[in-house]
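Q: Generate coordinates for the entire structure from the input sequences, incorporating the hints supplied.
Chains as they are written, first to last, in full-length UniProt numbering: chain A, 1 to 477; chain B, 1 to 477; chain C, 1 to 477.
Read the hints as simulated data drawn from the structure, not as lab findings.
Here the structure is a predicted model, which is why all the values come from computation and not from measurement.
Some hints could be false.
Pairs count within a copy or across copies, as identical chains cannot be separated in the list.
As a list, the in silico SDA-like pairs of lysine to any residue whose alpha-carbon atoms are at most 25 angstroms apart [said to hold, decoys possible]: (1) Lys349 with Val84; (2) Lys349 with His335; (3) Lys349 with Asp97.
Chain residues, written in single-letter form:
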Amino acid sequence: MSDPTFAIDTRQAGIARELYEAVREMPLLSPHGHVDPRLLADDEPFPDPARLLIVPDHYVTRMLLSQGIPPSRLGVPRRDGGPVESDGRTIWRLLADNWHLFRGTPSRLWLEQTFRTVFGVETRLRAETADEVYDAIAAKLAEPSFRPRALFERFGIEVLATTESPTDDLAQHAKLAADGWGGPGGRVISTFRPDNVVDMERPDWRDAIDALGEIAGEDTGTYPGYLDALRSRREAFIAAGTTCTDHGHPTARTLSLTPAEAAALYERGLHGTATAEDAETFRAHMLLEFARMSLDDGLVMQIHPGANRNHNRRLYAEHGLDVGGDIPQATDYVHALRPLLDAYGMDPKLRLVVYTLDEYTFSRELAPLAGGYPALFLGAPWWFLDTPDAMRRFREAVTDAAGFYNTAGFVDDTRAFCSIPVRHDVARRSDAAYLASLVAQDRLPLDEAAETMADLAYHLPKRIFKLDGTKFDGATK
Amino acid sequence: MSDPTFAIDTRQAGIARELYEAVREMPLLSPHGHVDPRLLADDEPFPDPARLLIVPDHYVTRMLLSQGIPPSRLGVPRRDGGPVESDGRTIWRLLADNWHLFRGTPSRLWLEQTFRTVFGVETRLRAETADEVYDAIAAKLAEPSFRPRALFERFGIEVLATTESPTDDLAQHAKLAADGWGGPGGRVISTFRPDNVVDMERPDWRDAIDALGEIAGEDTGTYPGYLDALRSRREAFIAAGTTCTDHGHPTARTLSLTPAEAAALYERGLHGTATAEDAETFRAHMLLEFARMSLDDGLVMQIHPGANRNHNRRLYAEHGLDVGGDIPQATDYVHALRPLLDAYGMDPKLRLVVYTLDEYTFSRELAPLAGGYPALFLGAPWWFLDTPDAMRRFREAVTDAAGFYNTAGFVDDTRAFCSIPVRHDVARRSDAAYLASLVAQDRLPLDEAAETMADLAYHLPKRIFKLDGTKFDGATK
Amino acid sequence: MSDPTFAIDTRQAGIARELYEAVREMPLLSPHGHVDPRLLADDEPFPDPARLLIVPDHYVTRMLLSQGIPPSRLGVPRRDGGPVESDGRTIWRLLADNWHLFRGTPSRLWLEQTFRTVFGVETRLRAETADEVYDAIAAKLAEPSFRPRALFERFGIEVLATTESPTDDLAQHAKLAADGWGGPGGRVISTFRPDNVVDMERPDWRDAIDALGEIAGEDTGTYPGYLDALRSRREAFIAAGTTCTDHGHPTARTLSLTPAEAAALYERGLHGTATAEDAETFRAHMLLEFARMSLDDGLVMQIHPGANRNHNRRLYAEHGLDVGGDIPQATDYVHALRPLLDAYGMDPKLRLVVYTLDEYTFSRELAPLAGGYPALFLGAPWWFLDTPDAMRRFREAVTDAAGFYNTAGFVDDTRAFCSIPVRHDVARRSDAAYLASLVAQDRLPLDEAAETMADLAYHLPKRIFKLDGTKFDGATK
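A: Take a look at the structure:
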């Protein structure tokens, strides 16, 4: 690789390289993601290369699906337990045969760099080299130094936050804590994500409410009991090291109801008489309720709105959730967030990080909001936007009104453990290229660009997501 | 021209030039456009330069209108048959006097390159050189080698698809076939565009329904007869070489009605009692119906939604359709296309190419959809977006989630015959510049960039629009 | 500063520099802004650096607020007259301590360049140099050559238009005229902005209506009297040198009501029974009414839609209007402007300049509209978009369909007097960089780029905003 940055111009590239080199070895913070904690709790060897790198990566399987290759041929499990391809090598060859589909995509960038930097494989993947690459990776995976915890240390990860529901008993995290890997201030912690007990439209909501009551020892048959159960679980998460919550709603709508109004909605949910509008109203209200809880217990609040879940109904019917069938939708923030911001947006003790799938809100909504409310930060460009070009567009569009210090640094949000270092690396290279463009245009001196670079790569997420040991800081944003 | 590409950086420009040079002489495929087939059927000499290059080009006449020069001074025919400027030289001088208005626009790029490469005129157009340029072009037009068929061959066009309604008798195409220019696998074919028999809001819909019944020999007084007539006309088009349909609706809305529901709407249309909402519902339903027909007969389906037709009412009143009075409007794809995608989106035998006038859907909707459904491809940036800058933005925004192979290559969609080669050339230069940026950033090796370049320029549209002789291929997308 | 342009590539930078150098000393036209005319009427010395450069600049105070620094600590007056920081040096130090927040923002660019070019201060601002910079600027402010009129002349301002309501008695402008600074063709003129007598949702609307009647000597208790009062005030403004109106509505909606319908709405407003929808309808209708008045009296009409005013309610409650609490919202132009364009869009005697806070309308709506209606021009990228990157995106997105000559040149729209030259300078550098990219890509010859550069910098705004002495030109756009 002659040039590690995404700069095109040689003058800019030189500056970018200098900025990047100074941070490339900084520790990684993964304050939000979907790695299964069992992976690190058990520390078992990884399966074959295909099961590690292809089968669980819906970025990869959806692209192959888009060209007519069904997920079952790629080993993606079926909901009905029906047969799917089980031979890793066969799946790998199918990827190699269709490698051209990934030209210009982030998946190609991530996979190639993973092959090279994690597994030391320099051979270019193509149909003819499929077996060679497969075998080289498989051989590495058999070595003890390629077990999850060894890779975690080699990757230079300082903190990794997985994501669990309040109904999760955090057993994996307890095991990690017992091994010296988890607990408060530990290397692996959890993020509190209550969507399954908030969204009445989920088929499993009623069961989740019961499970929540049981695990919290509260009566979730009433709205006050429900809130108590949530508070209780937040405390349990905090005791296990959690510093953040996460909320993945279809929209960013927030709403302030009276307790009586909220209770009435909750009752309708329990009785199965809630409408779709009731469910949306309840979700909107709960975001405000969770903001109140955050002001009490200090958890940083994240909102990931705007996914039209299971847009691809046939894919959902056959393979279930999170296999590439979600599609972004236009998302309003200006009106949707206003009730929450009216209530708590001016309180620097609240820390609210907002993500988007809709880049056509960057300069119009997100940057002016984050640049005008103490509580609000912009999360890194998310899903479908976690790419060199989109990260550049993000910086170009939000820096004008939000600067750098109302953004929260990079968050990988991935379930692909081996891709964590390369995703951070791509973000660092993208930010370096953007900062270099400012330096090249005489809009920022090099020393300040370098300081900003280190802040974006490490210091900002550490502080904003409270990975620095601060339980609660109300002093400044 | 010192540099044929749109790259600014010299390193990138060098790579872009190499990529471009390798494809610049490849044959042109024009799988969708609005050239009058009579032009090639009759092969008469072109009229004067103004009538060839200005009068019919609404990109040019609308820009002049925007600065207060009415279309009648540019020779654009009036609906009432009233007098308009008829002297080509006068019209030409008016263009030359206002040539500065076109600085930075694609019209300038296309016209200048047409002057130079088609007519060999190197003189820069300005008020003082208006006559010189006019005379030079007029002299060329008098030569036999500047007749339509001769230019067609000189342009290197392999296939040109014109666009006709089902009510067209395809007489021009029959004449072309008789001359060895048309018919299945021929050089000039038709695209089946049924808008005038689908859109009940058109004043001529009722007449078109009668004409459809007559030409198809079916009773279009009933909904089943209407569907039979459409199927019959599709077969007639296929017999004449057609491989694609096209659908230009105000929105991308699709809907699955029962036959009884659809028949009821159709009846209301026939009785003149359909509301605007009925008309939209019927259009939405018919897109699903046409997808079903495509699955039966193998025609590739194109959708061109989002034009607010005749926004400029006074222009429409004076000069009619397609003279520059249409304006884009915000277009939803995620929800609008879902009924169609639910029904047939996972079937690789359907081939659906979607275009847009709304670039603010590229990364949020179009790329994730095309990268997630086997049936769906993205058409080239269309109308108002058929420019070097917009084509770059298209690639930068859609490649992340859709790659290159879910896009359909360039489509000129023009009624300006002489601009066909330059439009393709601009697209090739734009794609070369984008691919070169990937190479310059070490995101793609040069050999793969070169292969992709040839695919975008030629192989992809040939395959996707079934210009390769495949009647029906259900094997892969 | 090694390179005054925003070009990155060295070839492009060379061309950009040449284009820029040729216009950098051209006179400044400030055809729309919010400088207090009293400033120039009184010509008193400026207060301390903080009160001059920080306190009134909501770009600066909102960024500091976003990081938890309340406006009262920055000296922003409270509505309740409560205490706020009054020591300029303390405020200045607070800025310097938080200077890193402004990295990459236009505020930093404007302030640094103001320090350097207006006050001759080359010291970089940081916590340690806060006092040094403060003292250096304060020393300059004590000199007679730093009084407002002296700076006005040093800045090279040819015309500055302030903004007044019809209820303003224009006393400051009369004083300026008496001093040879104002009046028709003068250096300081007013823009007619009737929002406070149009928007029934303002708490002070009813009082403003009374004040309008009084100052105009008309009975605003009736709708015809209200229109007469507006016409009368327009004539008074015109007599004082005004060439433009401005209209800042929440949306761009326009509507053509009958006089009776409009009168009925007006009555409801007077009786306090108008709904929010009534108020929106009345605003929409009045835009059409003002277009009619412009056709009569020749005032250029400007529309600034799309601000969600006082989104930050707590900020509004504590500090009032225009202190950084407004947020942009998605804005439709295609449907909203149609009634006005249907009525008068084809009349080149109307001159309508439209601005936007929503860049996601550039290529889809604004450029096609401006490139298709004689009456319509695009205003410069406004508020949140008045930055190098956004100005580049503006040119890249609108030039294709609107060219350069349907845009109106730069408008600073600022209340920060000392930032006027740097804002114009940034716009000139941005346009130079964009034009240079066209030259570098062989899309425009250098001589035409240079001519365009001068038009954008000076000639276009001079003509479009009728600062050239033309009272009325119906000949061409």
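Q: Have a look at Lys349 and His335 and pick one of within, between, both or neither, based on CA distance no larger than 25 angstroms.
A: within (22 angstroms within a copy, 38 angstroms between copies)
Q: How do Lys349 and Asp97 come out at 25 angstroms by Cα distance, when the copy is not named: within, between, both, or neither?
A: Between copies, since 21 angstroms is at most 25 angstroms while 53 angstroms is not.
Q: I want to check one pair: Lys349 and Val84. Are their C-alpha atoms no more than 25 angstroms apart within a copy, between two copies, both, or neither?
A: between (50 angstroms within a copy, 22 angstroms between copies)
Of the hints listed earlier, there is not a single one the structure fails to meet.
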